[in-house]
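Here are the chains, one letter per residue:
2 protein chains.
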Amino acid sequence: MADPSTCRPLTRASVFEARELIKGLVHHTPTLTNATLDRIASTPAPAPTESELGNCEGESRKKPANPTMRLYFKCENLQRIGAFKIRGAMHAIERLKMEPGWEEGGGREKGVATHSSGNHAQALALAAQTNGIPAHIIMPSISAPPKIAGTKGYGANVVFSGSTSVEREAVLNEVIEKTGARFVPPYDHPDIVLGQGTLGLELLEDAHDIIAAAAGVESNAVPAADRALRAPATTRTLPESKKSNPHLDAVLAPCGGGGMLSGVALSCEGTGVRVFGCEPSFEGADDAKRGYESGKRVERVSSLTVADGLRTPLGKVPWDIIYERRLVAGFYSVGEDEIIAALKLAYERFKLVIEPSAAVPLAVALFNEDFRSMVEREGGEDGWDVGIVFSGGNVSLSALGKLFA
Amino acid sequence: MADPSTCRPLTRASVFEARELIKGLVHHTPTLTNATLDRIASTPAPAPTESELGNCEGESRKKPANPTMRLYFKCENLQRIGAFKIRGAMHAIERLKMEPGWEEGGGREKGVATHSSGNHAQALALAAQTNGIPAHIIMPSISAPPKIAGTKGYGANVVFSGSTSVEREAVLNEVIEKTGARFVPPYDHPDIVLGQGTLGLELLEDAHDIIAAAAGVESNAVPAADRALRAPATTRTLPESKKSNPHLDAVLAPCGGGGMLSGVALSCEGTGVRVFGCEPSFEGADDAKRGYESGKRVERVSSLTVADGLRTPLGKVPWDIIYERRLVAGFYSVGEDEIIAALKLAYERFKLVIEPSAAVPLAVALFNEDFRSMVEREGGEDGWDVGIVFSGGNVSLSALGKLFA
Chain S
1 MADPSTCRPL
11 TRASVFEARE
21 LIKGLVHHTP
31 TLTNATLDRI
41 ASTPAPAPTE
51 SELGNCEGES
61 RKKPANPTMR
71 LYFKCENLQR
81 IGAFKIRGAM
91 HAIERLKMEP
101 GWEEGGGREK
111 GVATHSSGNH
121 AQALALAAQT
131 NGIPAHIIMP
141 SISAPPKIAG
151 TKGYGANVVF
161 SGSTSVEREA
171 VLNEVIEKTG
181 ARFVPPYDHP
191 DIVLGQGTLG
201 LELLEDAHDI
211 IAAAAGVESN
221 AVPAADRALR
231 APATTRTLPE
241 SKKSNPHLDA
251 VLAPCGGGGM
261 LSGVALSCEG
271 TGVRVFGCEP
281 SFEGADDAKR
291 GYESGKRVER
301 VSSLTVADGL
311 RTPLGKVPWD
321 IIYERRLVAG
331 FYSVGEDEII
341 AALKLAYERF
351 KLVIEPSAAV
361 PLAVALFNED
371 FRSMVEREGG
381 EDGWDVGIVF
391 SGGNVSLSAL
401 GKLFA
Chain E
1 MADPSTCRPL
11 TRASVFEARE
21 LIKGLVHHTP
31 TLTNATLDRI
41 ASTPAPAPTE
51 SELGNCEGES
61 RKKPANPTMR
71 LYFKCENLQR
81 IGAFKIRGAM
91 HAIERLKMEP
101 GWEEGGGREK
111 GVATHSSGNH
121 AQALALAAQT
131 NGIPAHIIMP
141 SISAPPKIAG
151 TKGYGANVVF
161 SGSTSVEREA
171 VLNEVIEKTG
181 ARFVPPYDHP
191 DIVLGQGTLG
201 LELLEDAHDI
211 IAAAAGVESN
221 AVPAADRALR
231 APATTRTLPE
241 SKKSNPHLDA
251 VLAPCGGGGM
261 LSGVALSCEG
271 TGVRVFGCEP
281 SFEGADDAKR
291 GYESGKRVER
301 VSSLTVADGL
311 RTPLGKVPWD
321 IIYERRLVAG
331 FYSVGEDEII
341 AALKLAYERF
351 KLVIEPSAAV
361 PLAVALFNED
371 FRSMVEREGG
381 EDGWDVGIVF
391 SGGNVSLSAL
401 GKLFA
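Chains as they are written, first to last, in UniProt numbering: chain S, 1 to 405; chain E, 1 to 405.
A few of these clues could be false.
[As the list claims (entries may be wrong)] Within a straight-line C-alpha distance of at most 27 angstroms, the following computed DSS-like cross-link-like pairs (lysine-lysine) qualify:
id	chain 1	residue 1	chain 2	residue 2
1	S	402	E	344
2	E	402	S	147
3	E	344	S	152
4	S	23	E	243
5	S	316	S	97
No lab work stands behind these hints, which were simulated from the structure alone. Here the structure is a predicted model, which means the values were calculated and not measured.
Chain S extracted, bound-state conformation (with noise of 0.2 angstroms):
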């Protein structure tokens, strides 16, 4: 990992900068629309049945939310290695590239390091591959084994180590001092923050051109892809206020370490967008929530949730930019019945694989009524165009088949 002295600042111009230094490494995934998705989003949500309310008779006068939502999906399921931790190491590795002594002192050789059983493992072992330089890679011995495999698939020299953090930590220093690799942690980094933004750039251009087009607005063409994806153009109308000004009002990306909710943050900052971070709530997954609101950040996360990406707590790097700047605007969270519902539409309705994690912003799209009354006060007839961040694909089919069954 590049010394942190040497990192871009953390600013929107920064993330223009990554997404030139990453061009051609990723894809440039696709920003979809679904008419269906969109219906159940404008819909109040059913009302409670008498044995859900119990005896909360205050709660059973409430009505619904009845929000107004045009929803732009950020498909990085679809990007290489299926989710969008690509970005950042690849982003990792171009700037350690730049780092002045990095290449003269055989840093090349040595390679990059990191402990992960996750999307991050792939992720590095792919970008090292690409710039034909090792990567160790160490991982519970637990891990399941197409993980392994998948991770061994792109030349990585995997490691193994205990399940638990301090165990992986002590076996990623050994290595690091046997190889003098360098460290690539998953999210807690400038270079980590900067990679994942760039998919936030994307999502902001290419809402534009869907809603501009939807307007009759001139902009670029919309691609064909898109507009295979949403109902033919009668069925969606858009308000007056959109056809002058077509944009975005918000971004719901899900957030575990914050690496790329904070980057998406940046990658917003002062366009007028405002970003909402997205939790599971179940067993305390949702520590960012409870750290934004209560201002101090939670250092620890034990939770079991469904949306096995989430169960990090928050890092120092992306707090700064989420809490100490303000640049997202709050957190809401959903349970684990709420996610799985929101997986399940995805895969019924989109016709896309997306991993537990991933549902978590159409989740809260779909059920928060905290969100959802928000939308609806401030959107008011005219409603929101929110995009929404499929944040990846990854999940074991067998996995998959015991939630479904």
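For this one, chain S is given, so just place chain E on it according to the hints.
Chain E in isolation, oriented as in the chain S frame:
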């Protein structure tokens, strides 16, 4: 259904006419590519193990084929109602509206009718609803509740019957007698064939654009989403021969009743693009292949293949196009394991939800040694550009769960 004597001739020009008629009523679905599936298709299948070989000593010396293939996926799983069937249903109703005397005879009030427990039921229901005419759909009373709900959701009048074809037809005839509704069959009619064929035109054109862009030839811009789903340009090398003449060499389409396959064959007539039918071999579901090879259409099939959309025998109208006019160049079949393996690859590597029937042509490209040897032989070093029809994505998640668990 329009009286066949008033139908347009079964030619490529009529497919273009059909496309004009249903424009704006159906999606122009994307044609996508996938570097990983290209690589798997262009790698010899692993040598069979000793135990698989058994005593077939002659076989053991046969080297697996080593073709080069670049695949272009026509994503009808992203079509309205989740399958290509909406094309035929919309076209059939457009043609009905043009039939002299239909409107004056109260045709609009009498509506349309069919028997189906599959995608055709929802397709006709939506097409009728779009036109504000009633649809009577006869479904076996044992149909899966989500299918019944889906069909009712499009405003159709669902009438239950027994599950044998005799019982279904008896109820259909009763309903038609009572209501005066016009029968719209699922595949065995020129209007349906021409409607389904429109997907072939889109596939030819979009694949041409993608090939031309990869070859650096002047062409329409490649849709951004297509760009997105291809590996960075450097990983795909195109032979010189394609640079002067970017085109598909072949299209692989699934074959059940043959309405879509024959329509696609018409859409390719005179273009030099060879069209092949793909079927499951399980329990004789390869009826079209057997009929094509013996010169006699097989009229009855009773197979419980996992590819449940392909359990139907080939219809008469499709047969004439496919066999008598030889617009289909041949058939290939695959086993249940191969279909499931292809299905899993679509989920794991493409992140697309497809139904088992839609996985059959991909299974042929990846696993059928007869097809692969032919491509190796005829495509040589340049290889072939092969269109693959992903025909639909309507799969019950619980059925999927069982397949993957």
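Status of the hints after comparison with the structure:
1. With a C-alpha separation of about 15 angstroms, the suggested pair residue 402 of chain S and residue 344 of chain E falls inside the 27 angstroms cut-off, and the hint holds.
2. With a C-alpha separation of about 22 angstroms, the suggested pair residue 402 of chain E and residue 147 of chain S falls inside the 27 angstroms cut-off, and the hint holds.
3. Between residue 344 of chain E and residue 152 of chain S the CA atoms are separated by roughly 20 angstroms; this keeps the pair inside 27 angstroms, and the hint holds.
4. Proposed proximity of residue 23 of chain S and residue 243 of chain E is supported: the alpha carbons are some 25 angstroms apart, at most 27 angstroms.
5. Between residue 316 of chain S and residue 97 of chain S the CA atoms are separated by roughly 24 angstroms; this keeps the pair inside 27 angstroms, and the hint holds.
Going through the hint list in order, the structure satisfies each hint without exception.
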